[in-house]
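Sequences are here, hints too, so could you generate the full structure?
2 protein chains.
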Amino acid sequence: MKALNKKNISTIISASWIFTSDLESQLLSDYSVVIDNDKIIDLLPQSKVFNEYEAHDTYQLTDHILIPGLINTHAHAAMSLFKSFADDLPLHDWLNNHIWPAEKEFVSPSFVKDGSILALSEMIKSGITTFNDMYFYPNETAEAAKELGVRGNIGLVVLNFPTNYATDPEDYLLKGFGFRDKWRNEELITTSIAPHAPYSVSDEAFTMINTYSEELRISIHTHLHETKWEIEDSIGKYGMTPVQRLNNLGIIGPSLMAAHCVHCNDQDMAILAKNKVSIIHNPSSNMKLGSGIADVARMLEQSLNVCLGTDSSASNNRLDILEEMRLAALLIKGSTNLPESMPIKEAIKMATINGAKALGLDGIIGSIEKNKKADLVAIDLSKIENQPIYDPLSTLVYSSSRSDVNYVWINGKLKLKDKKLVQINEEEIIQLAKKWQIKLKKI
Amino acid sequence: MKALNKKNISTIISASWIFTSDLESQLLSDYSVVIDNDKIIDLLPQSKVFNEYEAHDTYQLTDHILIPGLINTHAHAAMSLFKSFADDLPLHDWLNNHIWPAEKEFVSPSFVKDGSILALSEMIKSGITTFNDMYFYPNETAEAAKELGVRGNIGLVVLNFPTNYATDPEDYLLKGFGFRDKWRNEELITTSIAPHAPYSVSDEAFTMINTYSEELRISIHTHLHETKWEIEDSIGKYGMTPVQRLNNLGIIGPSLMAAHCVHCNDQDMAILAKNKVSIIHNPSSNMKLGSGIADVARMLEQSLNVCLGTDSSASNNRLDILEEMRLAALLIKGSTNLPESMPIKEAIKMATINGAKALGLDGIIGSIEKNKKADLVAIDLSKIENQPIYDPLSTLVYSSSRSDVNYVWINGKLKLKDKKLVQINEEEIIQLAKKWQIKLKKI
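Residue numbers (numbering that gives the first Met the number 0), protein chains in the order written: chain A, 0 to 442; chain B, 0 to 442.
Any given hint might turn out to be false.
It does not matter which identical chain is meant; a pair holds if it fits inside one copy or across any two.
[What the hints assert, rightly or not] Think about it this way: if two alpha-carbon atoms lie no more than 25 Å apart in a straight line, the pair counts; the simulated BS3-like pairs of lysine-lysine are:
| hint | residue 1 | residue 2 |
| --- | --- | --- |
| 1 | K145 | K112 |
| 2 | K440 | K344 |
| 3 | K145 | K382 |
| 4 | K382 | K433 |
Simulated from the structure, these hints should not be mistaken for lab results.
Printed below as a string of structure tokens:
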């Protein structure tokens, strides 16, 4: 008669290992996560789970590690259509002669929709369940996120120069807020104001953005101190670094997500730390564009919240947070000469809960805990490449790859099953990419 | 009657793209490689190949890029059994309290045989067709290479302290030459003398090694300038850097393969360049152990031959030359702030022909050319993660992963087919690893 007392719920996922990524950073062996609808409602040993719950779907994942969904905290999803379009060029040649002309000719709502669909397909296959985006035509990026069921924080981009999308800061903001109002009731979509960068946004526009950010309690996502050029340019024009300038304008604060911060002097770093800014580390992109290697050791010393981003496919060529996590863990050791820098659990936290904190979403995602949303990734560690396994967290960070990502759930819904996208025809997405490839190759 | 004139040969491999990695660095579209027995005998357009040749086996590889087999120029294969055994520890703690005690307790012929089988299985799956090894019990590593049909240059390791394998430099050399004599007629096996490192080998032993190297025309493989500690230690003991000391001892020359060279002053670099040493760059291992980031830009400026190594699974955790290639291409840009550093083709050459040059095997491997051995890798670029493809070489270096390695041939023989090892039961290899995992976990 015991069965009568069992609670009927949606899903039970049992895995050999579960890393919670919560405050206690627990690695649990032979545990189960219990999901009802969109939420995690329990976390208990496999030996007990079937006494208490009756699930519609059950997954028994031997040799898998279950982790919170990976968070890609700096993306320009639609730019996936520029992957391998132009590489290894000096920054100004790359922008002036390749990326910007191509954007001028091709970027449109359909480009953004299709590019975002491609990017989000790649992200799901890489175990990414939340992305923080900044690009033109946010409506189309949000539509792609909705179609694929990916959690997205979409930037309301602001620039001081005209593009196909908008003409001036007022126009960008008008369009951005129009988009925000339209999508405000969509569960998976949130927004930030996204002034592109200190060198492309005026003081007046930043002041306006600051007012909106405070009034609407909306976070800000920007590029900051990505290159040495940008800092020299700011010192030349404003007599101070971009961090100092933005601090004067009120932009530097706990609701700021600052992508890159590759080059910061002590004063800049102190301003960022004092104001509890979240820093988005993009190791692949920073290296590929020749921007440099961010001093993450110093950021961690100052207790800054550091999370991870891929940046766009034009400057990284893979939307793969597992790879950025491994790189972050390696680069800090190579730069400091201290192999004990960034222990494995800290690297995993950068890819999960720290991203959630940056986005202000750590109340609902970023860790495996009761009452959080069921954004989960199961990674299969059974392959030859991952053997032997003395420490599954080491295997996860240093040996496994996105090709081991076997199952992905977002908001309780299955998105990847046996490495295949659910309810999406992968061949159609490949054809979508090829269609644009043929168009863009002509220029 | 035309068919009567066709030449009967072993294998035709047709691929969408072929990168030759020879002097001309050609990227050929819709070409075929013609193999007879162990050799490449022709390279011609797909449209012509079937008029001239009749093959026993044909492969029509749409969306694949065919490249020369990847060369892993610095490995300690057997140490795969230590993968994830101890990570992120200060070097001396790691060696003294973890790796060396485990080696003392467990390293034996069967450990080396099984560890090498595991490592070489991983390497084949990662597109590696040649490995340059240094460890104890070379006979067992060679046996593993022979069983799996992987091309191996096996080091005759020399140390000044006793291990399970040998007692003193004379004993190491005696055992090494015994091994060399036994295996001298084995086609896939070559040897180097492998003095472990300047800090673990005496002047007397290096002098002896130098004599043997010259008399037998055998190359030398050693660790050199891996850590700052090693250099300071040498200056303290010998009044000079290890490079300067080895130069005085006659070891520095064109037949030297020097692994790491992370820290070199101008004088060291000049000595290495003047003597045409081959440098083996191990970016993941150097970062993970906190050794540092090698100044590859300076090496390339001095026209040094730079090739790539994984180092062992104890300090890298993946035997993946595609990953080292991507890292090398990114790190040089991040370090120099020049995105144009190391163009894509140069990165691929580091992973192929440069390794062959280091090993003195560039007459038979390292590029796709007539009369070279058929060591080939076909990488499938059809997945969503690799789309779109404006430049297949960019896709190869920046977007693809070892999980895209679909076919591998070594010496004309198929070793990997549809991502599965041929004639090897992968499950048995996983069980082999697990057997040792259980043993080692007890300590």
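Verification of the hints:
no.: 1; hint: K145 x K112; result: within (11 Å within a copy, 52 Å between copies)
no.: 2; hint: K440 x K344; result: between (43 Å within a copy, 21 Å between copies)
no.: 3; hint: K145 x K382; result: between (33 Å within a copy, 23 Å between copies)
no.: 4; hint: K382 x K433; result: between (32 Å within a copy, 12 Å between copies)
Violated hints: none; the structure is consistent with every hint.
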